Structure formats: C-alpha cells, structure tokens
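There are 2 protein chains.
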Amino acid sequence: MLIVQKYGGTSVGSIERIKNVARKVAKTRDQGHDIVVVVSAMSGETDRLISLAHEITTSPAEREMDLLVSSGERVTIALLAITLNSLGYPAKAFTGRQVGIVTDSIHTKARIERVGGERVREALRQGIIPVVAGFQGISEESDVTTLGRGGSDLSAVAVAAALKADMCDIYTDVDGVYTADPNVVVNARRLDRVSYEEMLEMASLGAKVLQNRAVEYAAKYGVKVRVLSTFVEGEGTLLTEEDEDMEKVVVSGVTHDRNQVKITIIGVPDRPGIAAKIFGTIADASIVVDMIIQNVSQESLTDISFTVPHADVNKTVEIMRGVTKDIGAKELEVKEDIAKVSIVGVGMRSHSGVAAKMFSTLAAEGINIMMISTSEIKISCVIDAKYTELAVRALHRAFELES
Amino acid sequence: MLIVQKYGGTSVGSIERIKNVARKVAKTRDQGHDIVVVVSAMSGETDRLISLAHEITTSPAEREMDLLVSSGERVTIALLAITLNSLGYPAKAFTGRQVGIVTDSIHTKARIERVGGERVREALRQGIIPVVAGFQGISEESDVTTLGRGGSDLSAVAVAAALKADMCDIYTDVDGVYTADPNVVVNARRLDRVSYEEMLEMASLGAKVLQNRAVEYAAKYGVKVRVLSTFVEGEGTLLTEEDEDMEKVVVSGVTHDRNQVKITIIGVPDRPGIAAKIFGTIADASIVVDMIIQNVSQESLTDISFTVPHADVNKTVEIMRGVTKDIGAKELEVKEDIAKVSIVGVGMRSHSGVAAKMFSTLAAEGINIMMISTSEIKISCVIDAKYTELAVRALHRAFELES
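Here the protein sequences line up with chains A and B, keeping their order.
Residue numbers for the first sequence follow the working numbering, so the first one is 1 and each next one is one higher.
Residue numbers for the second sequence follow the working numbering, so the first one is 404 and each next one is one higher.
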C-alpha cells in the first residue's frame, strides 16, 4: 500500500515527539508499505513567527508573512528527515515548492491548483521516504504561499490524491471523530466511519478535527482519509463515501460552537436590494457570515439577524453602523453570549420528524431557540450560551448516540 | 548610486534591532540611492537550529541541515521587508533561490557558481527595495545549499558583483578594521583603507571581520567593500585595490590567533612521499592545516610540526596515531597553549629588514619563537600563548602603528 501520513504541530512539538513520529513511520515502513509523510510546524512555532511580525505592525505584507511562517514547516521536515536517516530509514525533506504544490497567488489563504509530485515519486521509486512540508505551496510567480490555518491537512490530502495513495492517515491529538465533544458528553462514542458530507458539516459546526477544505478535496478526489491519534493506538475514524449503512443512522453526532456572535439590524425598510447591500458590504470586508434570518415584515419594516465569528465582531459592528444609517434602519443589536448547537446525519434525508424531535428536546429542558438553520443533513439552533452543555447532552441522549 | 548593504546576525538580533536596520536603510534611500539589503539569521538562531539537529544525531544528513538552517534567514528577510513596508518604503523579501544564487552541491559549504539576480533587478526598476537572504543558494538539483559560516558576507559581495553595485557596505558589530585587536592594544587605530590582499591575510590570521571567501570574491570582481558598524556612525574601513600610497606603509596591522594547536611527529624517516602521506591523510579528513615546518634531517630522521584548529585536535591526533605507526615515526607531541602572532602589510614587498625587526622585537621581550612562516605580505610567529598580549603590544609599538 502507498500511505500518506500527516502529523500535526502537537505531534512534532519537540525533538522527543519527532523521534516518536519517526518510530511510527519506521514501523509502517517495516510492514512493507510505501510512505509519504506530511508535517506541520512544531506547535507554537507558527504563532511565535506571527507574533514577531505583529511586534512590527498589525498589518504586515502578506507575501512576506507567507515566507515568514512557511519557515516553520521547513524546520520540521528537516528534523524528521534527519531522524529517519539516523534510524537507518533513507528519507528526504521536500518543501512545498519541491513537491510541486502550485497554488493561486492569494497569500495567507492560497488555494491549491495542482500538485506535480515528480520528486516525491522519484524518491519513492528509490525506496526513500519523502518528508513533505504541509501548509505551503508556490504561486505561478514563484513566491511562497500558505494554505490558511489547518492547511497541512489539505497538503496531505492533495498529495495523497496526486499520488493516488491507498490511504491518507491524519494523525492528531484526538483518536477519531466523536458523536459529541467528550469534554461535554462523558459517554460520547468514537465513530468508526463518517461520510465526507457529515464531516464537512461537523467541521463547519465547530468540531475542528480536520480542515474543511481538506475534507472537500478528499470528497472530490475520493481520497480515503483516516483520523487517528499520534499518542494512542487505535482504529480512528474513516472518512469515506456515503453508503446504505450510514443512511440507517438518523443522527451521527451533536456539535456545538460558542465562537459566534448574533447581530440584529432592527427596523430595516423592506425594499429589494437591501439584503444585498448589507451582506455585500460584509463580504467585501472578507467576513464570513454563518446564519442569516429575516423576520416577517410588518408595516414595511423588518429585522435581519445574522451571526459572525467572535473575532470579526468589532469590524462587523463598525461596518454595520454605516450601513444601518445608509439604509435608514433603526438600530443595531449585538448579542455575544450565544451558542450554536447542531445535529448532523446523512440519515436525515430519509427520516422525517428529526427537526421536531430536536426542538421538543430543547423545549423540554426549557431552552429557548433564537435562530434555526437547516441543510439536508443538519439542523442548527442558536441558543443562550449558558445552556450549551445541557442542550448537547439532552440531544445526545434523545438521539441515542451513546449506544 | 546602487548600494548593497549587508547586516549580520547581531544587527538583526531582535525586532528592535530590525527596526533600527530598517531606519538605516530608509535613510540611505532618502539620500536618493538604490539599495539592496542582504541579511543573516537573527543572532543565535542558526546555533539554535543546529543544536536541535544535534539532539537527534551528531552526524545529521547535510542536505537536510542546509534546509534546516536556511530557514533562519527567511525569517529575517520577511521581518525586515515587513518593517520597511510598514514605514512606507516598498520592499520585497527574496530567498537565495529567488535571487538566483546557484551553487555547487557541496551541502553546508557550497561555492557560488553564478548569480542570476533577475528578480532583484526587476524590483529595483520598480523602486522596490529587495531584501535578500544571505548564506543560502540552490544547487543544480534545486535543493537548498548554504555557504558556510559567515557566508552572508559572500552573498552580499556576490550580489554586488552581479548587479555591478557601486558599493557593498558590510554592517557588523565593529566599526572597521584595526591595526590590532582594540581589546589587546588600547591605542589600536582604525584603518581607513586596506587592500584585499592584506584583508585576506588578516582574516586568515584570526581577525574575523569579513569571511575570507567574500574578500577573495570582492578582489576577483573588483567590488568595493566597506566594513562599518551598525550601531555607531562612522566611515569604516574601505577594502580596495592596492595602490602606491598603501605600499609606503610597511606594516598595516598586527593580528593574533589563539585557536591553533601545534602537533609534532618526532623521528620521521626521511623518505620521499612521507609528507604527502601525512598531509594527504589529514586533508582526506577535511582538516585544514595552517603552518607546516620540517626540521633539517639528522641520521635520516626528521621532525615534522604543523598546526591545526583547536576544534580538530582530537580527530587529528586519532588519525596521526595510525599514520605515525604506518610510517615508523617515533612519537607524537601535542602542544595546546600556543598563539600565532603576525604582522601584515603590502609595503613588505618593497621594504627589507621587516622580519629581522619582528624577531628582534620579540627577542627583546624574552619571547621564544617556535615556528615561523612568511608570505609576500605577512610574517607569522608561533609563540607561547601566555605572551600573546605582550607580543602584540610590542609589535604594534615597534612598527609605529598607533600614529
């Protein structure tokens, strides 16, 4: 088998841990597999580099930021390749450029356009273990780019797709995807398998195991991805195509996200183009809006609520003050202490009454629902933040996820 | 004017110091000059990276070592370019690869083969300040190489040569080249000018202001080099072609080097090929031998003495034990507490009695000379280490260098 193994920052956070990773790679090699290793920067290193730049200015040049932070993975690939060689396993470190990971030129959040992989293939032919820098690529202008937070997951999946690898193992500090956050629900259960689509919903809902774009990429190219723990032996969770067995399960997991803030514009004149004006302005500022709700109009006035990530609140409020005035709305309301609780499952498509069960479960606990949003395979409710744990535990029980 | 400015590790050792460098660059720019900046890694960073690798193994893979340590300069060029941009001076960071510094494939001590410089020229045309990573290049195989300790000096000179720059200013923590080490001789004098050849002798004799290969490269391509202090304003010392004025000065400086150890092989059979055998074996181990002396032969036996750097003593002795046995020599003698004291000056070529004056000066102080070696423009004596300061001061006075 050809296996791509990806180790995150915590897994390579010290020389001792790099040695541990090398031993795991060696063990897989001893089992007769071909391996490509993809690694992140040592934990804390990327933040250290970013904070150096922020000592200079709050808005550093993005091309230079990419060059700066990309040095983190170079250190890790060199150290891991040195370790593997010292253990008698021929290995070679390759930067994003040397792997031929070509991206667009949107610095700090570039998108992969293609993966050449020639030098990696050549190394594999020679029995050498390629150790590849995650998170980085090069633009057509031959400048270093980075793929955004969690981008090493994407690097691993993209390399696995390019090499037509049999498996892409993502080693992290959790041992798989759970039915709920085990810190909240004591009897949360590790899922053996989860579909790409469910994983996408879970990730976007705050269960940060895998970068979303990595999951999308895996789904697009049919890359089999496993989420495993670096520190505990286990089978992990396999991400794969949806099948009939999966559809029998109505709900696969309950997730929660406390990182959103609800903003409401009250007394918006109900005219065509108003929503476009509001959300166009926000989009121009590169702020990602999650849920949007518009009330039924009364006397040609309506209220529009939406949620944005906590980090973008100040920027959003600043922008919205101007917009509120421009469109002649009454006032702006910001509610910070909210949480989004969601249930996810491909089985929802073929089962009815799921939403009703969710709402009644929350109602039985006396929890008020502020916003609702649904997709084919998930239902999300915004509630008061103080009820988060209560809501997650009640839903986990109601949908019998512990069994 | 087109000026290349090079700042060493101490000059960019913290964010505060990087800001200081940016202000100096900006000032030169404001005077109407075009500037290319070459920087080293922040002081301590290269050593930190090397010690990480040495936690893993004492003999790390050299290709990977180059990748590892080259990340240091990437951090500095990014931070300096970010700083210049934040001050309103458009700047772009360029790695060794992006500058087109092509070297041979001898990792950790590669030699520059050519400097393309296209992207640097293009940036200059656009009024952008190129900030170039010193110490690094790429091999024909497209792997990162490094130029050896002090290699950033060479990068600066090579870039200056490729761009036909009017001046290459090397900013360091000393404000120029002195007639002797100011820590030893209180009234040592800064030299306004020094010839490439004198500088080469001084550097090889232990006055480590500029990397030797950088001086050779500057001499070969006629690059005007100035040595200046980052922290103190001043004219520094100009390295230039030798001229008639320089020849009037018999001795330009006195240097000393305590980093050598004297090894003597006693009772060597005086046969052809013996010296070749001894020094061939040492060269194979990549040990650089400095002075070599062979005594007059007595009864077909001779003694051979030579000096090697302190760091290579153990390795040399180990090798020499075998060689001593092979060639049937009597014994091996190691003397550690020695120093090499030298006088340097292009004027020696046209003045006689210089050596005699040096020897009589040392004799007057009661200092015994163990080894002597001479070139056209320098005379070196190995003496007991405890007399180093005494010898340097006496010679400085005897050749009237304070005036």
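Source of the hints: derived by calculation from the structure; they are not laboratory data.
Check each hint, because a few of them may be wrong.
Using 16 Å as the maximum straight-line C-alpha spacing, the simulated EDC-like pairs for lysine to aspartate or glutamate come out as follows [as the list claims (entries may be wrong)]: (1) K567/B with D437/B; (2) K422/B with E55/A; (3) K19/A with E458/B.
The structure presented is a predicted model; accordingly, all values stated were derived computationally and were not measured.
Hints and how they fare:
no., hint, result
1, K567/B with D437/B, "12 Å, holds"
2, K422/B with E55/A, "10 Å, holds"
3, K19/A with E458/B, "10 Å, holds"
The structure shown violates none of the earlier numbered hints.
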